[in-house]
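Student: The residues making up each chain are set out below.
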Amino acid sequence: GEDVEQSLFLSVREGDSSVINCTYTDSSSTYLYWYKQEPGAGLQLLTYIFSNMDMKQDQRLTVLLNKKDKHLSLRIADTQTGDSAIYFCAEIITGGGNKLTFGTGTQLKVEL
Amino acid sequence: DTGVSQDPRHKITKRGQNVTFRCDPISEHNRLYWYRQTLGQGPEFLTYFQNEAQLEKSRLLSDRFSAERPKGSFSTLEIQRTEQGDSAMYLCASSLPPIGGGAPQETQYFGPGTRLLVL
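So the sequences go chain by chain: A and B. For the first sequence, the numbering used here assigns the number 297 to the last residue and increments by one with no breaks. For the second sequence, the numbering used here assigns the number 1518 to the last residue and increments by one with no breaks.
Here are the simulated DSS-like pairs of lysine-lysine, each with C-alpha atoms no more than 27 angstroms apart in a straight line:
(1) A:K221 to A:K294
(2) A:K253 to A:K241
(3) A:K221 to B:K1410
(4) A:K255 to A:K221
(5) B:K1456 to A:K221
(6) A:K253 to A:K221
Keep in mind that the hints were calculated from the coordinates and are not lab data.
Using the sequences provided together with the hints, build the complete structure.
Tutor: Structure follows, in structure tokens:
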């Protein structure tokens, strides 16, 4: 089945690293994505990882994928106040059509 | 082209009224998707088009909902006889078909959404 879970809330201090976690249940995932949503706005694509990769780094963002445990994480280095938003992980499943299945979102709050 | 656009951004309506939303995808994106997002939740898939063909519909898309993409460019989503439970953010996304290298298959780019409130 398709089920993507995230913790609801994370608070960090400016300059620290943030780690947002996601677990999924369907091992047929092909691509896994991270999107960012600011209040009242649509979704901004941050990064993605193909399911045969373990890690991907993109500037301040590092994505780790543990396929055995079906665990995905997003690390934001040197977190800034502008990073405060809701972060969603999402998957596309092989043979599951073209829909994205999203987690419930993690609200990141960056404090001074 | 600056991205996916949606109109209106906000809509307030009374229960029982019909509403229609429009989505303009990124130029040359032949795939277009509709999602619904309720408060505190992630977006849920409603339907998607490849060109003008509607290829998949979610069970969430009741018979009061209809989506069209007549010329394979912009799309409309109509909700008839709105109910309070229809209050949500309606998001549109577009993508290219699978291409080799670079971006992954079907990376979806989202518009700003239309927020619907049914009183």
